[in-house]
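Chain residues, written in single-letter form:
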Amino acid sequence: MKMSHVNYIVLLIILVTGIWTFWGAANDKVMQMYIGVATAISYVIWGIIYHSLEGDLHPKVVIEYCLVGVIAIVLMLTILWT
Amino acid sequence: MHREFPNVLGYATDIRVDQLLSVTNSNRQALGLSPLTYNVTLSQAAALKAQDMFQHDYWAHTSPEGKTPWTFIQQAGYTYTVAGENLAKNFSTSQGVVDAWMASPTHRDNIIKPSYRDIGFAIVNGVLNGEETTLVVQMFGAGSGQIADAQPVQTVVPEQAAVVEVNHEQAQLGEQITQVKEVQTIPPVESQIVVVAEPTPIRQVLSTMFSSVTNKPMINIPTVTRDVAFLFMGLLIGVLVIDGIIVSKKKIGRVAGHNLGHILFFAALFIALTIVRRGVLL
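Keeping their order, the protein sequence lines are chains L and S.
If you're matching positions, the first sequence starts at 95 in our numbering and goes up one per residue.
If you're matching positions, the second sequence starts at 135 in our numbering and goes up one per residue.
Incorrect hints may appear among the rest.
Derived lysine-lysine pairs resembling PhoX-like cross-links, with alpha carbons at most 25 Å apart [as the list claims (entries may be wrong)]:
1) S:K385 / L:K154
2) S:K385 / L:K96
3) S:K201 / L:K154
4) S:K384 / L:K154
5) S:K383 / L:K96
6) S:K384 / L:K96
Beta-carbon label-pair distances, calculated as ranges [unchecked claim]:
7) L:S146 / S:I379: 24 to 30 Å
8) S:W193 / L:I103: 40 to 46 Å
9) L:M125 / S:Q229: 23 to 29 Å
Read the hints as simulated data drawn from the structure, not as lab findings.
Quantities reported herein were computed from a predicted structural model and do not represent experimental measurements.
Backbone N, C-alpha and C fix where the C-beta goes; we use that ideal spot for every residue, glycine too.
Could you put the whole structure together from the sequences, leaning on the hints where they help?
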């Protein structure tokens, strides 16, 4: 199995766990917020590790993953608290 | 802007006491429990609680001054042996409120508690913590003489029945709140609202005033916000897919993250957020 496949399986585990726990906390929006932020941070860390292992980690890539995480958090907060 | 033109831009709400009572009792009857009787005094207690929350700007079962739900129940003049309270805010429909309570184990425990006989509601609009809020206060109770025959029609929830018999102290179940106590004579309570002189008319006025909140703005803020957010997520996924296809076909070399990862991440966010409904319980 290729290394990239393993990385994507890890990503899927992170995301499925995130969705599952987010749904599990359906009646607790504060908890949902924490779960969403934790999943976004996990995604950024995953991205950094992934590119580091691939040997193409660059500050621009780190910024890109951070921005994706921030966008996701803003969207989540918008829907959660409106 | 929505405060100046609430009929144009606002929060669509249609919550009514008769619907809350009907849905609550439907849930009880589905479990073989007796329906609860609407009680004006409990509704007044709920209205007093809602007013206090807006007045002192808090969202909790116990006020910053230490007032518990039982304070308001006693203040309204309801003599209870067992009582409870469920709170909700910012829901759009009566069905949505009760469904959310039933989905929360602690609030569900209150709704299906066999020992309750009476129920009261208050639905009040106001500004809480700086945001326009529709509060729903649901109060349960049973007076002296009622609890003895407080048996379910068919099904008993043993743990709850045991609580009524054994525990004569305040019991707090998670975030919903319940109190069981010995029958007592209610001492005179200093009332912020004059209920002693003319209790019945004021109770009726209060319970009537807070019996429904219905807003039908032309533009519903939560719906529009939600639609825009989901549309944005869809656009992001679409752009990432197209970008990935172009980069892959033209074999463009660049320093960038992997589109597939971003797509999976936003897709997961999209799926997770589909279950989010407006409203918060306590």
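(message) For K383 (chain S) and K96 (chain L), compute the direct alpha-carbon distance and say whether it is at most 25 Å.
(response) The given pair, whose Cα atoms are some 22 Å apart, holds under the 25 Å limit.
(request) Confirm or reject the claim that W193 (chain S) and I103 (chain L) have a C-beta distance inside 40 to 46 Å. (result) Check passed, 42 Å falls within 40 to 46 Å.
(message) Just to be sure I understand the hint, the distance between the Cβ atoms of M125 (chain L) and Q229 (chain S) should be within 23 to 29 Å; is that true here?
(response) At 24 Å between Cβs, range holds.
(request) Below or equal to 25 Å on CA atoms is what counts here, so check K385 (chain S) against K154 (chain L). (result) holds, 20 Å
(message) Tell me if the straight-line CA distance from K384 (chain S) to K96 (chain L) falls inside 25 Å.
(response) Since the Cα atoms of K384 (chain S) and K96 (chain L) sit roughly 24 Å apart, the hinted pair holds (cutoff 25 Å).
(request) For the pair supplied as a hint, K385 (chain S) and K96 (chain L), confirm whether the alpha-carbon distance does not exceed 25 Å. (result) holds, 21 Å
(request) Take the C-alpha atoms of K384 (chain S) and K154 (chain L), compute the straight-line distance between them, and say whether it is at most 25 Å. (result) Roughly 22 Å separates the two Cα atoms, so the pair holds.
(message) What's the verdict on K201 (chain S) and K154 (chain L), does the C-alpha distance respect the 25 Å limit or exceed it?
(response) violated, 55 Å
(message) Against the range 24 to 30 Å, how does the distance between the Cβ atoms of S146 (chain L) and I379 (chain S) compare: consistent or not?
(response) Between S146 (chain L) and I379 (chain S), where Cβ atoms are some 26 Å apart, the hint holds.
In the structure shown, a violation is registered for the earlier hint numbered 3 alone.
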